[in-house]
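Generate coordinates for the entire structure from the input sequences, incorporating the hints supplied.
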Amino acid sequence: MKDKFKYFKEMIKTRHKDKEKFNELIKNSLHDEYMYVRETALVVGDEMIDHVNNLFDEGLIIEDIKLLYEDEDTFLWKDIIRIDGKRFLTTNVQFWKDGKNWREMVGGKEVSDEFTSIKPLLVSRAQMIR
Numbered sequence: 046m047k048d049k050f051k052y053f054k055e056m057i058k059t060r061h062k063d064k065e066k067f068n069e070l071i072k073n074s075l076h077d078e079y080m081y082v083r084e085t086a087l088v089v090g091d092e093m094i095d096h097v098n099n100l101f102d103e104g105l106i107i108e109d110i111k112l113l114y115e116d117e118d119t120f121l122w123k124d125i126i127r128i129d130g131k132r133f134l135t136t137n138v139q140f141w142k143d144g145k146n147w148r149e150m151v152g153g154k155e156v157s158d159e160f161t162s163i164k165p166l167l168v169s170r171a172q173m174i175r
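Numbered by my numbering, the letters in the sequence shown go through residues 46 to 175 in order.
Honestly, the hints are just simulated from the structure, not real lab data. In this text the structure is predicted, and so the values were computed from the model without any measurement. Don't be surprised by glycine CBs; every beta carbon is placed ideally from N, CA and C.
The calculated label-pair distances, taken between Cβ atoms and stated as ranges, are:
hint, residue 1, residue 2, range
1, Leu105, Lys66, 15 to 21 angstroms
2, Glu159, Ile107, 15 to 21 angstroms
3, Glu155, Asp77, 30 to 36 angstroms
4, Phe140, Lys72, 14 to 20 angstroms
5, Val138, Glu92, 15 to 21 angstroms
6, Lys58, Asn99, 17 to 23 angstroms
7, Val156, Val82, 19 to 25 angstroms
8, Asp91, Lys54, 19 to 25 angstroms
9, Glu155, Asp63, 29 to 35 angstroms
Pairs of lysine to aspartate or glutamate, EDC-like flavour, derived with a Cα cap of 20 angstroms:
hint, residue 1, residue 2
10, Lys142, Asp77
11, Lys66, Glu92
12, Lys111, Asp48
13, Lys49, Asp77
14, Lys64, Glu103
15, Lys142, Asp116
16, Lys142, Asp48
17, Lys72, Asp118
18, Lys49, Glu115
19, Lys111, Asp124
20, Lys62, Glu103
21, Lys131, Glu84
22, Lys72, Glu55
23, Lys51, Glu69
24, Lys154, Asp124
25, Lys131, Glu155
26, Lys66, Asp102
27, Lys145, Asp91
28, Lys62, Asp102
29, Lys142, Glu78
30, Lys145, Glu69
31, Lys142, Asp118
32, Lys54, Glu149
33, Lys51, Asp118
34, Lys123, Asp109
35, Lys58, Asp109
36, Lys54, Asp102
37, Lys111, Glu159
38, Lys123, Asp48
39, Lys58, Asp95
40, Lys49, Asp109
Laid out in C-alpha cells, this is it:
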C-alpha cells in the first residue's frame, strides 16, 4: 500500500462518521498473520478491530500525529493521545508484508499538558539512502 500515513489519517476520520466502514478499512489493511504487541498483551486479527473501537468508545482523542518514516515495508509515526484524562506520547511502528500490516508495536509514556510538540521527520527518504 502506498501512502500509509494518508490512508491511516483518512481511516481515523472515518471512525467518527461510519464505524462499520472503519472496521472494514482496518480489516482490509491487516495481513492474515497480523500481530500487535502491546505492553502486556498480544492482539491478533479481528481482536485488533475490537481493541481500537474500545479505545475510541472509551474516549480516545488523537491530539496530534506526525509521520516519522514510511516505505514499502515500514510505517513509523508518533502521536499525542488523550484517554481517561491522561495524555500520552506514543511511538507506533508497523511492519508490512504482501502490502498489508503484518506486525505492529506501540510504546508510550505519559506527558503533561505542557508537552505540545512532536518532532517531525528530520531527513527525507533520499537523504537516508546516501
